[in-house]
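In order, the protein sequence lines correspond to chains A and B. This note's numbering puts the first residue of the first sequence at 1, with every later residue one more than the last. This note's numbering puts the first residue of the second sequence at 1, with every later residue one more than the last.
By construction, these hints were calculated from the structure, which means they are not laboratory data. Check each hint, because a few of them may be wrong.
[Claimed, not checked] Straight-line Cα separation of at most 25 Å, SDA-like style, residue types lysine to any residue; simulated pairs: (1) Lys103/B <-> Ala412/A; (2) Lys103/B <-> Ala251/A; (3) Lys103/B <-> Val398/A; (4) Lys103/B <-> Arg222/A; (5) Lys103/B <-> Trp253/A; (6) Lys147/A <-> Phe135/A; (7) Lys103/B <-> Trp402/A; (8) Lys103/B <-> Ser361/A; (9) Lys103/B <-> Met414/A; (10) Lys103/B <-> Asp401/A; (11) Lys103/B <-> Lys147/A; (12) Lys103/B <-> Gln408/A; (13) Lys225/A <-> Phe259/A; (14) Lys103/B <-> Phe259/A; (15) Lys103/B <-> Trp256/A; (16) Lys103/B <-> Ile317/A; (17) Lys103/B <-> Gly391/A; (18) Lys103/B <-> Leu314/A; (19) Lys103/B <-> Thr319/A; (20) Lys103/B <-> Lys286/A; (21) Lys103/B <-> Leu320/A; (22) Lys103/B <-> Asp409/A; (23) Lys103/B <-> Lys225/A; (24) Lys286/A <-> Ser361/A; (25) Lys103/B <-> Phe135/A.
[Unchecked claim] With beta-carbon atoms standing in for the labels, derived distance ranges: (26) Gly132/A <-> Leu77/B: 35 to 43 Å; (27) Arg7/A <-> Asn78/B: 42 to 50 Å; (28) Ala373/A <-> Glu82/B: 51 to 59 Å; (29) Ser403/A <-> Glu96/B: 29 to 37 Å; (30) Ala128/A <-> Asn69/B: 35 to 43 Å; (31) Leu58/B <-> Ser438/A: 48 to 56 Å; (32) Phe96/A <-> Glu61/B: 42 to 50 Å; (33) Lys144/A <-> Pro20/B: 49 to 57 Å; (34) Trp253/A <-> Lys103/B: 22 to 30 Å; (35) Pro122/A <-> Leu77/B: 18 to 26 Å; (36) Trp177/A <-> Lys103/B: 47 to 55 Å.
[Unchecked claim] Far from chain A, by Cβ distances over 10 Å, these chain B residues were calculated: (37) Gly48; (38) Ser56; (39) Ser60; (40) Glu61.
The structure presented is a predicted model; accordingly, all values stated were derived computationally and were not measured. Cβ atoms here follow ideal geometry from the backbone N, Cα and C, with glycine treated the same way.
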Amino acid sequence: MTPPSPRHPATRFFWAAGGSLLLAILAGAWAIQMVAWSSPGDSIETFIQLRPIHVTFAIAWIFLAAIGGIWAYLPKALNVSLYSRRLTQMQGWLFFVAGVLALAGYLTGNFSGREYLNFTWPASLCIAAGWGCFFVNFFSTARKSTKPWPVYVWMWATGVVMFTWTFIEAHLWMLPWFEEAPVRDLSVQWKSYGGLTGSWNMLVYGLLICLLEQIGGEGASRSRKAFFFYWLGLTNLMFGYAHHTYHLPQAEWIRWMSFGISMTEWVVLLSLIQDWAQPWNREIWKKSPAHRVPRAFLAATSAWVGINLVLALLISIPTLNWFTHGTTITLAHAMGSTIGINSMVLFGGGFAWMLSRSTLSRGQEKYLWSGFAMTNIFLLGFFLILVLAGGMKGLGMVRSDWSFSEAQDHLAPMLYWAGWMAMGLFLGVLILLFSWFSILSRAKS
Amino acid sequence: MSAGVFLDTGVQQEAATFSPEGVSGKRIWLRENCMVCHQFYGMGGYLGPDLTNVISRLGSETTAWVIRNGRGSMPDLNLPEEDIRSLTIFLEEMGETGTFPQKTWPPGWFPPVHQPLPGS
C-alpha cells in the first residue's frame with residue numbers, strides 16, 4: 001500500500017483564504033445592515049467589533065490566496081522544486097495562530113485602535129514570524145532558477161520585501177517619537193497603509209500575469225513592456241500613497257511629488273484602452289475552452305481595473321480630492337479594488353489551479369457562473385451608489401456647509417440601497433466561496 | 001521621499017507634539033477603538049463625524065458630555081472622569097494641528113500647509 005501523498009502547500013493556503021473570506025463577508029454583511037438600515041439612536045457597539053473583523057479577514061483573504069497562488073505556480077514557472085515544505089507548514093500555523101489571536105482580541109474588546117492592523121502585538125508578532133518563513137522559503141526557492149526571472153517573479157519578490165518594510169513601518173507608532181507627534185503619526189500610518197496595499201497588489205498582479213502565461217501561453221512576461229509597467233507600479237507603490245494625505249498639513253513637496261507620480265497611472269489607463277478587447281477575444285477563448293472559468297475572472301478584472309483607474313486618477317487630482325476625501329468615494333475605491341480587481345484575480349488563479357486537478361460538472365459550473373454574475377452586478381451597483389453618495393456628501397459639506405448629521409440625513413436613502421446591493425454582493429461571494437470549497441475538496445494533491 | 005515622510009512631515013510640526021496628558025488621551029482613543037467610526041483629516045471610519053476640529057466646533061465641555069453620555073448612535077463608553085479629561089485634551093491638541101474639512105469656495109489646489117486654526 002502506498003502512503004497518501006502529502007497535501008500540496010497551495011491547498012492549505014487556499015482553504016485558509018476561503019475561511020478568511022467567509023468570516024470577512026459574514027462580519028461585513030452584519031456590519032453594513034447596522035449602517036444602512038439602522039435608525040437614529042440605535043447603538044452600534046457590535047459594529048466596533050465587526051468592522052475590524054471584516055477588514056482584517058478581507059486582507060487575510062487577499063494575502064493567503066495570493067500566497068497559495070505563489071506556491072501553486074512558482075516552482076512550475078521556474079522549473080525548480082520548493083525549498084522547504086516544512087517552512088510552508090510553519091508559515092501556515094503561525095498565520096493561523098495570528099488569526100485566532102486577532103479574532104479573540106476583537107471579540108473581547110482588545111484592539112490596537114489602528115485602522116487596518118487593528119490587532120494587538122502578539123498577533124503582529126505571529127504574522128511577522130510567519131512572513132519571515134515565507135520570505136526565506138520564497139527566495140530560497142526562486143534563487144534555484146538558473147534562468148532570468150519573468151516579470152511576475154520580480155513582482156512577487158517585490159511584494160514580499162515591501163510587505164516586510166511596510167509592516168514594520170505600520171508599527172512605528174509604538175515608538176514615542178511617532179506617538180507624541182500627531183501629524184507625523186498620521187502621515188506614517190497612511191503612508192505605510194498605502195505601501196501595504198501596494199505590496200499585496202504586487203503579489204496579486206504578479207499572479208495575474210503568471211496566470212495569463214500559464215493558461216494562455218501569452219509569453220509577455222519577459223517583454224520590455226511588462227518590465228516597464230513593473231517599474232511604474234513599483235514607483236507608485238513607493239511614492240504614490242500621498243494622494244490619501246493631501247489634507248494633512250504636511251510639506252508641500254511631498255504632495256507635489258505624489259500628485260505627479262499618481263498621474264503616471266494615465267499611462268496604465270491608456271495601455272488598457274489600447275488592449276481593451278484582448279480579454280474578450282473569442283478566438284483566444286476557443287483555443288483553451290478548459291480555461292473559460294479563470295478567463296472570465298480575468299476579463300472581469302480588466303473591466304474593474306479600467307473603472308477603478310478612472311476613479312483613482314480623478315480623486316488624485318487635488319481640487320477634486322477636496323470633495324471626495326473622507327467620503328464613501330474612498331470606500332468605493334477600496335471595494336472596487338479589493339473585490340473587483342484583487343478578488344477576481346485570486347478567484348481566477350485559485351480556480352485555474354484547482355480545475356487542473358479536478359473536474360467541474362455542468363450543475364456546478366452553472367452555480368459558479370451565477371455567483372460570478374451576482375458578485376459583479378451587485379458590486380457595480382454598490383460601487384456606483386457609494387460614488388454618488390460620496391460626491392453628494394463632499395459637495396454638500398463644502399458648498400452648503402452641511403453638518404455631519406445633515407449629511408447623514410441626506411444620504412440615508414442612498415445608504416439604504418447600498419445596503420441591499422451589499423446583501424446581493426454578499427450572496428454572490430458566498431456562492432463563489434461554496435464553489436471554491438467544493439472544487440478544492442476534490443482537487444488532487 | 002519615503003524618508004521625507006519621517007524627517008519632513010511638515011513645517012507645522014515643531015509645535016505639534018502632544019502633552020503627556022494628550023498622549024494618555026491618545027492611548028484611550030486607541031484602546032476604545034474610536035477610529036472605527038471617526039476620522040482625523042478625513043481618514044478613518046465613516047459612521048461618525050470627523051473629529052479633527054471637534055473641540056473648536058463643540059467646545060471642551062460639550063465634547064466631554066458626549067463622551068460621558070453618548071449621543072445618537074455613539075455608545076456611552078463608561079469611562080472614568082480622568083480618562084474623559086485626557087481624551088478631551090487629546091482632541092484639543094489634535095485640533096491645533098490644522099483644519100479639516102476645508103470649506104472654502106472655490107476650492108484651491110492643495111489645502112494650505114499653514115492652515116488657519118478654526119476661530120483664529
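| task | Identify every previously stated hint that the structure contradicts and give their numbers, smallest first. | result | When the structure is compared with the hints, numbers 4, 8, 11, 20, 23, 25, 29, 36, 37 turn out to be violated.
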